[in-house]
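Novice: Those protein sequences? They're chains A and B, same order as listed. Okay, so the first sequence: first residue is 1 according to our numbering, each after it adds one. Okay, so the second sequence: first residue is 1 according to our numbering, each after it adds one.
FYI, nobody ran anything at the bench for these hints, they're computed from the structure. Watch out, some of these pointers could steer you wrong.
As the list claims (entries may be wrong) - Calculated lysine to aspartate or glutamate pairs in the EDC-like style (CA-CA distance at most 16 Å, straight line):
| no. | chain 1 | residue 1 | chain 2 | residue 2 |
| --- | --- | --- | --- | --- |
| 1 | B | K63 | B | E252 |
| 2 | B | K182 | B | E97 |
| 3 | B | K23 | A | E115 |
| 4 | A | K187 | A | E199 |
| 5 | B | K63 | B | E254 |
| 6 | A | K22 | B | E97 |
| 7 | A | K187 | A | E107 |
| 8 | A | K184 | A | E107 |
| 9 | B | K182 | A | E18 |
| 10 | A | K118 | A | D177 |
| 11 | B | K284 | A | E115 |
| 12 | B | K182 | B | D169 |
| 13 | A | K118 | A | E107 |
| 14 | B | K23 | A | E107 |
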Amino acid sequence: MSEFRAGLTGGRSRRGMETSIKTGFFLVACASIITLGLIVVFLFWEGVPIFNRVSIRDFLFGIYWYPTDDPADFGIFPLIAASIAVTGLSSMISIPLGIFTALYLAEAASPRVREIVKPLVELLAALPSVVIGFFGMVVVAPFLQRLFDIPTGLNLFNASLMLAFMSIPTICSISEDAIFSVPKDLKEASLALGATHWETISRVMIPAAISGICTAVILGMSRAIGETMVVLMVAGGAAAVPESIFDPVRPMPASIAAEMAEAPFRGDHYYALFATGIVLFLFTLLFNMVAEYLSNRYRQVGAATL
Amino acid sequence: MNAGKTNITRRRNIERLMFLFFKIAAAVNGAALLTVLFFLVSRGWRAINWTFLTQAPMDSMTKGGILPCIAGTLYLGIGAIVVALPVGVASAIYLNEYARPGRLVRMVRLGINNLAGVPSVVFGLFGLAFFVVYMGMGVSILAGALALGAMSLPVVIGSTEEALRAVPDTYREASLGLGATKWQTIYRVVLPAALPGILTGGILGLSRAAGETAPIMFTAAVFYTPSLPRSIFDEVMALPYHIYVLATAGTEIEKTRHLQYGTALVLIALVLGLNFAAIIFRAKLRKKM
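Chain B with its partners taken away, still in its complex shape:
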């Protein structure tokens, strides 16, 4: 009897210990995120002012602002989503609404999953070999946006499929029962219902594209341009690449440290702001459905 009691105490203690470990693991993750944010904000906020956000760099990058980088990142991110959103949404519609299970669909899914696993630097190499050289686009916004778009495609497909799956089948049946064709049902019933979810996916894809560096290193980004880009065939400056170059190359790494923190803070604010918007958007959506 006594032995049984100590045994159950021991088992309870092991349980308590393991649950403590779980809690610690979760806390470590939270702490990691907060530590990164703390250092960037505390060291970066002083660099941020109106001049920093609205001027071009001056005196070989040691003064002035990062306007061309902000503009370049927006062009690239929006370009990527303009490429990835239509293709991704259409792919998801095929997979979720039209496709019957079979070898063909398995192949398409395998392709998407493997595309999602391709390293970002390989997208850079691909963009260089295919868009920049073979298609003759040169180092340009267009080539960079296409490389980033290819990279974001699986993200957009995944979130669109999730949004389409969340539309109840009764919607589809009601529409088909009224004599609408499949396409009419998709276009007038399913897509409007799934639109908020699709847009959330679009925002997440945009934020991922805006934060990536490796795919644009050989396809779009340069260290310095004398003016803002005028066409999609111009090369651009971009926030992630700017951070990388300022922090690793050049002779004045220490002197530009505050600018590096400032640039990183602007990039983080942009990316996390987009993510935050998506999370809130999605939470509201769940409540409604």
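One chain only, chain A, in its complex shape:
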């Protein structure tokens, strides 16, 4: 009898322990959300005071960024324009290259070549951004300067080129997953009807994988707009709205990274840089939300929805 009871209470305490273990894991799993929440709170905490000085409208659309002048101008429109310009230009390079590489890996390459090329792309993703920035500065910039006979090689084009190679691995690996997960019978049906491999890829596989490919592109762009060291070292640093692709520019992350060390603690400049951080954060949040939406909304479940 007593043994039976011991077993019973043992069972109960075991179950109680299981519940508390589960709760413990859940609480730890919330760490990511809590961190994200803290990031939002502290960005706003340190960034919002600037709006006592300038209106949100003047801050976002003002075209003069002279934070250290007296009186200072806090208009980040040139920084936003620069961020959009480098991201747009780099996507023009990274989207075709990334998707083509993904198609090569998923469809064209022999297994042996694949075993070599895939790790190379992964290693490209592993290169530290400061090293790519350094490379752009000391190797690519002088080269561009001579090639195009321009005053400086540190400009929008160079930064976009470097950023493109930072976002290609993201675009490539997510697109490849999407193409790879297209049901095999779709591909075989198309080939059996006499379509060539390329016709099958362009008219069957890409449409079937389009949501994954779009997610890949958006995440790649999100990586490019938030990347800091490359634009800090390579973009040239002039806070003006770019007029040509060879103009030096100052995207948002570069401005924050370059000026924070000199900005007086909790002065207007400091607040303005945090507010720039808010704008940058909102941009990437938007990109990620769209990617999230696309990957859930248009997920290819089976052959039936095509």
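Chain A is fixed; fit chain B onto it per the hints.
Specialist: Then chain B, alone, in the frame of chain A:
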């Protein structure tokens, strides 16, 4: 008949052309990586010698070595992984082993995905506002490691989940069938089976943290410290920040060029070495499973 033949030839040619483009795209990526490595190695290897790796900088950075930077980067990277690995593994265990699909889990996943998308410089701002100022840690290894840890968290969660998913369900069923509780099953069966995969993720997280610059710019890294750090509340020198400062600031940019190449080469060797280890580790693992 003839028209049909030229048509199919044309279609074949288009196919060949497109496949050529694919091949070129892949080759461009490979070439980009090899070009970067070629320039760094060919211009950097001469800077690397025993003094460079074991001495502190001298004569306002124009001579001497980078030992404090190597040490600082190791402290920061290891600190980041000490923060991110337990939290990341526990999060992944919850998501993969305990959680039932529903709104709560969707929220947690949304949080993780968005955390993964936060720009590195924003982690720097966050670290400055929260760890350095609000928590009063000052510019220190601790603040930098926490900022880097927060940044690596999604990487660790992602790779741990992948490792847990790779453990066959029959393992879990066998253990539960023998009367083990869920936690006993996870602790004694699932985790040991997933451990190599989890460690691979840990290595990748470490390499990412070691190579990042922006999160430590305002939280941990300084241009020069007179001695190696003695506690986690000291500020440090770090390889990525050292490259940035030598290459962009100061009066002797040209004079220290060989040191910049050397430092970049050491950082690359560290980061790619870790990645290479992870890739080989993972390939061996796949064969075994």
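Novice: Checking each numbered hint in turn, tell me which of them this model violates, lowest number first.
Specialist: Every hint satisfied by this model.
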